[in-house]
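Enquirer: Now for the letters of each chain:
Protein chains: 2
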Amino acid sequence: MSPYVKFIPSLHHVNPPELYEPPPYYSHTVTTSSSCRFVATAGQVGCDENKVFPEHLDGQILLALENLARALEAAGATIADVYKLVYYVVDYDHSNRAHAKHIERFMDGHRPATTFVPVPALASPGIKFEIEAYAAVRQEPMQKVDVVVVGAGLSGLKAAWEVQKAGLSCMVVEARGRVGGRTYSVDPLEEGRKVDLGGAWINDTNQSEIYKLAQTLGHELVVQKTDGDVIYDDFGGNLVRTGYGLTPDVLAEANAKEMINLINEETEKACHELDIRDPTSGAAKELDKMTLLEWAKTKTSSKSALAVVQLWTRAMMGIEPSEVSALFFLNYMKSGGGPSRMRSDLKHGGQHLRFLEGSQSVSLGLADLLHANTVMLNSPVLRISQSSDGVLVSTARGDLLGKHVIVSVQTILYNSITFDPPLPSSKLELAKHGVQSFSFKHVILYSEPWWRKAGLSGAFMSFNGPISTSRDTSNDQNGQYSLTCFANGDLGRRLSKYPKEERTQAILDHIKRVFGPYVNVPEPLLVIQRSWSKDLWSRVCTVPVSPPGIMTLHEHALRTAHGKVHFVGTETAYEWKGYMDGAVSSGARGAKEVIEALNQAKL
Amino acid sequence: MSPYVKFIPSLHHVNPPELYEPPPYYSHTVTTSSSCRFVATAGQVGCDENKVFPEHLDGQILLALENLARALEAAGATIADVYKLVYYVVDYDHSNRAHAKHIERFMDGHRPATTFVPVPALASPGIKFEIEAYAAVRQEPMQKVDVVVVGAGLSGLKAAWEVQKAGLSCMVVEARGRVGGRTYSVDPLEEGRKVDLGGAWINDTNQSEIYKLAQTLGHELVVQKTDGDVIYDDFGGNLVRTGYGLTPDVLAEANAKEMINLINEETEKACHELDIRDPTSGAAKELDKMTLLEWAKTKTSSKSALAVVQLWTRAMMGIEPSEVSALFFLNYMKSGGGPSRMRSDLKHGGQHLRFLEGSQSVSLGLADLLHANTVMLNSPVLRISQSSDGVLVSTARGDLLGKHVIVSVQTILYNSITFDPPLPSSKLELAKHGVQSFSFKHVILYSEPWWRKAGLSGAFMSFNGPISTSRDTSNDQNGQYSLTCFANGDLGRRLSKYPKEERTQAILDHIKRVFGPYVNVPEPLLVIQRSWSKDLWSRVCTVPVSPPGIMTLHEHALRTAHGKVHFVGTETAYEWKGYMDGAVSSGARGAKEVIEALNQAKL
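If you're matching them up, the sequences are chains A and B in order.
Counting from 1, one number per residue, gives the positions in the first sequence under UniProt numbering.
Counting from 1, one number per residue, gives the positions in the second sequence under UniProt numbering.
Think of the hints as simulated: they come from the structure by calculation, not from any bench.
Hints may contain errors.
Remember, identical chains collapse to one label, so a pair may be satisfied in a single copy or spanning two.
Claimed, not checked - Under the rule of at most 27 Å between Cα atoms (straight-line distance), these lysine-lysine pairs were calculated in the DSSO-like manner:
1. Lys602 x Lys101
2. Lys6 x Lys427
3. Lys101 x Lys51
4. Lys6 x Lys144
5. Lys84 x Lys269
6. Lys225 x Lys500
7. Lys6 x Lys403
8. Lys564 x Lys51
9. Lys500 x Lys347
10. Lys51 x Lys84
11. Lys212 x Lys592
12. Lys564 x Lys427
13. Lys285 x Lys101
14. Lys592 x Lys84
15. Lys257 x Lys564
16. Lys427 x Lys512
17. Lys497 x Lys269
18. Lys165 x Lys6
19. Lys403 x Lys225
20. Lys303 x Lys257
This structure is a prediction, so every number in the text was calculated from the model and none was measured.
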């Protein structure tokens, strides 16, 4: 019994026998299902997100089709829902029907009604191809349940599971065509070697929520390797090799080590004065009046120490120290037991264990624990309206009426849903002021763990970029050997301005520059780039970050329910914010709220 | 509590972060609400109603957008409902994106998915721009009420108010985006100086229905100025100045004064022989066998007297004396107490008082007296079907089921609604034979009432045109100084063939020609043109006019109910037809019919 709702197709294709047989990527006639939501896209052209157009027509067609797929996904439509395609080609050459093969591949067996229009020009010089789609998304009959969960990431799935275990009926609606949210594991070579593009690490001691779940599901865990040396890519490109977890004795700056140790100690101390259950109480408010950079500068003016602080915010949040409230950052670290524990790869540390089959296996496993027909995929939520009838959740694939709703999307995405009545202002302020971070994860697959030959751990830290930090993310057991490199914060923002090939090259060049002096660096099997910041349904990789002043005013609203709508997600966790453990515990908290409220209502 | 139904938007716009940021007038993706009515327009080109295309691209774009707005409005869609726009430009020049600013202004913050297609040519030479829209109009869940009122003009609103006061439930559906119908007051300079583009005048003695309402609402009234002289623009452009209400002693034609006085008396006499409650009885039938012109010619052959008759039909009905049944016209004048009273601006006359805040303030005030969520705007009615369940009123924004329905649109518009069962033949004949009048009202705003300096009233009458009559429509109290000029009947029809700028110039030239010899005529602040004949939801300014023969056969059907569908509107009034007072009394009559029928049904 599958937990996933099986949708009846939105379309019916007809090819009348009196008309000529169309090629396999279109039909003469398409009709929609009886009750549909309609989706239209703007004409999509073949440029990347920086508005750069490839010279060649084929390149433009491929990019335009990618963009079309994204535009459709944004409204919960898939190519299977496209009933009409119109596309335009400049300077069309009858002898070169370049578009046909690309469109056939893109349509993947689906056959919309299609019109092809040669044109003398398009909106800007250089644009050679444009394509627009009209789609229809069949609407499921309205379902009434006790609880609707919005979002099938870890927090949402955990909440749904708890709700169903309590004997309540529950549906989960998910914008993506898969469960897992930011747990997303792929097998790019299709050889059973999963790599994680999102959250990857857990531990088995103080991350009890996720660890319990891993045990329930019986998933195999891999210990993060910490043997081998770490390389510091110091100012000026100077390389310094040191033992795991140690600060090098000598760096470019004279008293660097002392200053790095000092900022480590000061941060640890500041964290331990905070109360994660009441983060804005007392003196904490002072910390919310300044950025982390300002705070760090009250402790040290050391360039190296400040660069280390920068490494932290980049790696952990995808932002710069000047963008985040000191309180927000320190409270975040405190949620994982303080900086040394949160950043550690050792036992009790934040990065101690990984899943052999990737972290998404937990989400997939959790979904399998749900009742049949619980999860509606490709169903982004457009509107949540509360009335005396209940809470109406309007999704791209139909409406659901719940007694309570649990929203498990990040605050920064609240604005993509129309709430009626509107969210209270504090929640909206949290959503509005969440800093758009930039997390650019690169997983580089190799045929062997070549760095280990030279006694290296694969980890390095760079004050120069484009990579700020790296880790060995191999799973030796199934022959998956990889380095995962983070080009985050301003480094990622800068890198993202380049075309994809140049970005990849810059990453590989950096790896070569850092490891090259110690060991021969082979060519990779594959480089996978993942920018969560550009991900429609995530926008940020760990948590949206608050600048100074926001927590003091609005943090209190983070977990409060809005009528019968409840809010979960890793950013709402008290412990291990931004981690899978925080997601799971927040889901449990949301389920508890709803179960209690419904039990109360029964009395 | 607003009387207006607040609609959930039909559309949801999405701009995926991986795609480039589109300009503010379009979105990459738009999805419709689950339950929608769909609207498509033909490609709209940039010509005026005479099919004249401006030379310049910008001019064509502006006209095409105006036409598009009209095409959408005709189906109850607004630009907020447009989910897709496709537009075509001939000979597109990449360096001149003229369309962008126009479309941005037109879309007014709404962002459909858009495709722009440069093309080598369009359907005819000279066409440079074409635009088509796809819109979706969200359907409200069906509501069941005691009474549905179609049309939120004065008669419909009055009916609804009476129905609600009787304790019955009632909804009002209105095609326009505003209430008021032909009471329409604008503040073109946005300085609190309202001018009336539709009905303007009432009195406080024999127009008791509208006056009572004005008192209930506490609206301030302005007495129509009648001091100062009137100018006759006689044949050949000869100007004659005379006192208010007087016929000049000398006109171009020798015995003009006597003949004008004669036709006045004959008309008065003929009117007083009619019974407005039984207008086709007895000898009256004879009057329905001829046109007003034919009847007038039986009284006089004076060119001046016939020109005066022509002034009447033009000013009062927007038609020529040859187009209207003598009976129809005389009965119409009798409904206002006879010609001298109906045409008078003095106490007891038809044009004695105006509303300081414009006549629409009565409709707006009346709407505010209704219960919350009573009025559905932008909801033209497509179909009215009667069955044993009740009367189903299908509007562009959803269906309503009423026990009774009150239709407050003009007979000439009955054909725009599908009635099931069809209307009886007499009602259809009234609708079919209603003469398409032409009322072209111009309000010319000035910074001061310059005509008064020369002892002039601002009123003139012209045998030449393009203006047939004018009035001072200033509201001194709030510094609004204006002349309202009517270019009606054939004068208006001729004028309407010219481009807008030429029309305005012709009007201003005429004013200069008439007043210039007496006083310096300054440039106006603004000229507002309003052709009610081109108005989708009115078609005529006062009432549709019957040619000979129609009243005798079909007048009896004017007010009869069709099953549970009742008919109101100023043309159905016995008294003050074509006036606001008639509208209000007809609404009261319709409400009474329905209340009695429902009370009967309860017994």
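Enquirer: Hints numbered earlier in the text: which of these fail when held up against the supplied structure?
Expert: 1, 5, 6, 8, 9, 13, 14, 15, 16, 17, 19
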